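First to last, the protein sequences are chains H and A.
The first sequence begins at 12 in the numbering used here and counts up by one.
The second sequence begins at 2 in the numbering used here and counts up by one.
Calculated directly from the structure, the hints in this document are not laboratory data.
Computed from a predicted model, the values in this text were never measured in an experiment.
Honestly, I wouldn't trust all of these hints.
[What the hints assert, rightly or not] Calculated lysine to aspartate or glutamate pairs in the EDC-like style (CA-CA distance at most 16 Å, straight line):
no.	chain 1	residue 1	chain 2	residue 2
1	H	Lys79	H	Asp95
2	A	Lys102	H	Asp42
3	H	Lys53	A	Asp39
4	A	Lys102	A	Asp39
5	A	Lys10	A	Glu25
6	H	Lys53	H	Asp90
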Amino acid sequence: QQQVKQSPQSLIVQKGGISIINCAYENTAFDYFPWYQQFPGKGPALLIAIRPDVSEKKEGRFTISFNKSAKQFSLHIMDSQPGDSATYFCAARTGYSTLTFGKGTMLLVSP
Amino acid sequence: DGGITQSPKYLFRKEGQNVTLSCEQNLNHDAMYWYRQDPGQGLRLIYYSQIVNDFQKGDIAEGYSVSREKKESFPLTVTSAQKNPTAFYLCASQGTSVGEKLFFGSGTQLSVL
Chain H
12 QQQVKQSPQS LIVQKGGISI INCAYENTAF DYFPWYQQFP GKGPALLIAI RPDVSEKKEG
72 RFTISFNKSA KQFSLHIMDS QPGDSATYFC AARTGYSTLT FGKGTMLLVS P
Chain A
2 DGGITQSPKY LFRKEGQNVT LSCEQNLNHD AMYWYRQDPG QGLRLIYYSQ IVNDFQKGDI
62 AEGYSVSREK KESFPLTVTS AQKNPTAFYL CASQGTSVGE KLFFGSGTQL SVL
């Protein structure tokens with residue numbers, strides 16, 4: 012019940028295209044869903060986060076879509092750039108619990 | 002600059018040796034965490050501490066130990082009982098207000114000689 016399943020494991024997108032990464036969860040008590048971005052040799056950094064009372068949150072080229080009934084949430088990167096090439100992790104938690112992370116998606120944006 | 006400092010950046014362990022990874026934060030955060038990252042495995046929680054002198058096991062605590070004697074420091078010892086220690090280790094911290102985000106250090110790559 013604590014798992015967060017992330018797909019795909021890797022993704023190649025052309026420059027200017029849309030990158031889409033999906034996550035699914037089972038625990039309906041989860042109430043916070045962040046996405047982290049990690050560059051090689053660095054620690055992850057918070058990219059964007061959403062709570063289940065909204066269905067979408069947008070920050071610049073990054074959008075989280077949230078489907079509470081399907082227990083799924085996704086990250087969309089519009090106009091993908093080579094600088095977006097990184098590993099992306101979705102995560103979830105309840106209240107003050109620790110974050111449960113997905114296994115990550117390696118994104119490569121080709122020039 | 003506020004942040005989390007992990008040292009060393011690279012560490013090598015000999016067979017049967019204990020090694021200690023350092024994590025220091027100046028964000029005045031109460032909660033600190035240690036994660037292990039293996040390729041394709043995501044981030045797995047080793048130990049966490051929400052207050053000085055107290056800590057809890059995470060999902061993969063076997064073969065590891067921690068201490069939390071000071072608010073700003075949360076060192077991780079990889080003991081000889083950890084048979085597969087090669088991984089990227091990440092320290093993180095978080096404030097205790099609702100909605101506080103998790104901040105990560107830049108990691109330590111541990112390899113076995």
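Hints, one by one, checked against the model:
1. H/Lys79 - H/Asp95: Violated, at about 27 Å.
2. A/Lys102 - H/Asp42: holds, 14 Å
3. H/Lys53 - A/Asp39: Holds, because 14 Å separates the two Cα atoms, which is no more than 16 Å.
4. A/Lys102 - A/Asp39: violated, 23 Å
5. A/Lys10 - A/Glu25: Judged against 16 Å, a Cα distance of about 13 Å means the pair holds.
6. H/Lys53 - H/Asp90: violated, 24 Å
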